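Number of protein chains: 2
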Amino acid sequence: MDKSADTKYPIETLLQKRWSPRAFSDRMVEPSKLHSLLEAARWAPSSYNEQPWSFIIATKENQAEYDRLLSCLVEANQAWAQQAPVLMLSVAKHHFERNGKENRHAFHDVGSSVENLTIQGMALDIFVHQMAGFDIAKARELFSIPEGYEPVAAIALGYLGDPQTLSEQLRERELAQSDRKPLEAFVFTGSWGQTSPLLNS
Amino acid sequence: MDKSADTKYPIETLLQKRWSPRAFSDRMVEPSKLHSLLEAARWAPSSYNEQPWSFIIATKENQAEYDRLLSCLVEANQAWAQQAPVLMLSVAKHHFERNGKENRHAFHDVGSSVENLTIQGMALDIFVHQMAGFDIAKARELFSIPEGYEPVAAIALGYLGDPQTLSEQLRERELAQSDRKPLEAFVFTGSWGQTSPLLNS
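Protein chains in written order, with the numbering used here: chain X, 13 to 213; chain Z, 13 to 213.
Check each hint, because a few of them may be wrong.
Because identical chains share one entry, a pair is satisfied inside a single copy or across any pair of copies.
Using 20 Å as the maximum straight-line C-alpha spacing, the simulated EDC-like pairs for lysine to aspartate or glutamate come out as follows [claimed, not checked]:
(1) K150 with E42
(2) K15 with D191
(3) K20 with D191
(4) K20 with E42
(5) K29 with E153
(6) K29 with E180
(7) K150 with E87
(8) K105 with D38
(9) K105 with E62
(10) K105 with E196
(11) K105 with E153
(12) K193 with D18
(13) K193 with D38
(14) K45 with E196
(15) K193 with E109
(16) K45 with D137
(17) K45 with E184
(18) K45 with E109
(19) K105 with D147
(20) K105 with E159
(21) K105 with D191
If you are wondering where the hints come from, they were derived from the structure by calculation, not from laboratory data. This structure is a prediction, so every number in the text was calculated from the model and none was measured.
Taking the hints into account, I'd like the entire structure generated from these sequences.
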């Protein structure tokens, strides 16, 4: 299944073919691939090189750990994410290590890091689907995530699966093309809302 | 100059060679390349596909607009960023379009979007350097950024320049290898702080 983005301007294949599936194959992700995904996350840029990201990871090779992470997801996400062989939780550190001040970009930089991981995944046929729908307090408790750190997103990843395994409603979404606002709606020059003339150059 | 990351596990070249320079060439970035960078940002994933990112962009081809954006940076950043032919500001929308609820992942998703842009840049020899150091209130005022939207980061981008153009202190940082925490410090399984056995598999 190819859901490559219908781009107006050319972008790298790794970026163009990325999307967030719900149907995952039960094929386990090789440890070497997980290492590369995490390594990619590691080298993301961050404010003052703080690297405010941490990850909790569980695979189906350790079912108890996997089920613990799965139990943090809202039911609607559990329904499909339980197909994925690997689950993760991204976590942000709120304050800078070096001076204790609030890191305004903690969530931002976790986003950069997971995007790096996601793009590395595309090079290895591993697809990533992030979820906002999980129980933050439960995750904090089950994994003893300390104060000063905050669970950010749940992540399912693995090889693409068969959309036929999904409910009808989810299958429709799985097969639909993804879309985006046009650049004109969010690239401005001079003043807010004023579409940049650079888009026409 | 090659500052490729000293990775423990293999990652994509686009990710490995990325870093945040301060010395930029005065060569203008071609409009077609800017289009591809912005298009890459456009196709990032986001919570409920909200796409909470906007960008203000200015190039040296419009000096007045460029200077306006430059004036938002703290002096220490102006010192080097004024070499860059293109400056941007990323902006996050705090609430969901569809229901007005707070978007907990607004900054996170802006981070993903700019990382996409950054990686696209690496495919086109365009380097990106994000800055936390800018005057948020001034940016909001100068560009009439409305309530509900928040300036996130300033961004300088362009072709690599000559480190000799930098002050001695900045030149040293420019030439130094970048580093990161080991994966063992932030990839956990089972409980917070418990290094994942998957790293040894």
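Now for the hints, and whether the structure bears them out:
1. K150 with E42: neither (29 Å within a copy, 49 Å between copies)
2. K15 with D191: within (11 Å within a copy, 36 Å between copies)
3. K20 with D191: This pair counts as within: shortest intra-copy Cα distance 11 Å, inter-copy 36 Å.
4. K20 with E42: between (35 Å within a copy, 17 Å between copies)
5. K29 with E153: neither (36 Å within a copy, 38 Å between copies)
6. K29 with E180: neither (24 Å within a copy, 43 Å between copies)
7. K150 with E87: within (14 Å within a copy, 44 Å between copies)
8. K105 with D38: Answer is neither: 33 Å inside a copy and 37 Å across each miss the 20 Å cutoff.
9. K105 with E62: Only inside one copy: K105 and E62 sit 9 Å apart there, 24 Å across copies, limit 20 Å.
10. K105 with E196: Result: close only across copies, 16 Å inter versus 35 Å intra.
11. K105 with E153: within (16 Å within a copy, 30 Å between copies)
12. K193 with D18: within (12 Å within a copy, 37 Å between copies)
13. K193 with D38: neither (34 Å within a copy, 32 Å between copies)
14. K45 with E196: between (38 Å within a copy, 16 Å between copies)
15. K193 with E109: between (37 Å within a copy, 12 Å between copies)
16. K45 with D137: within (10 Å within a copy, 27 Å between copies)
17. K45 with E184: neither (30 Å within a copy, 35 Å between copies)
18. K45 with E109: neither (30 Å within a copy, 37 Å between copies)
19. K105 with D147: Cα proximity of K105 and D147: one copy only (18 Å, versus 23 Å across).
20. K105 with E159: within (9 Å within a copy, 27 Å between copies)
21. K105 with D191: between (32 Å within a copy, 19 Å between copies)
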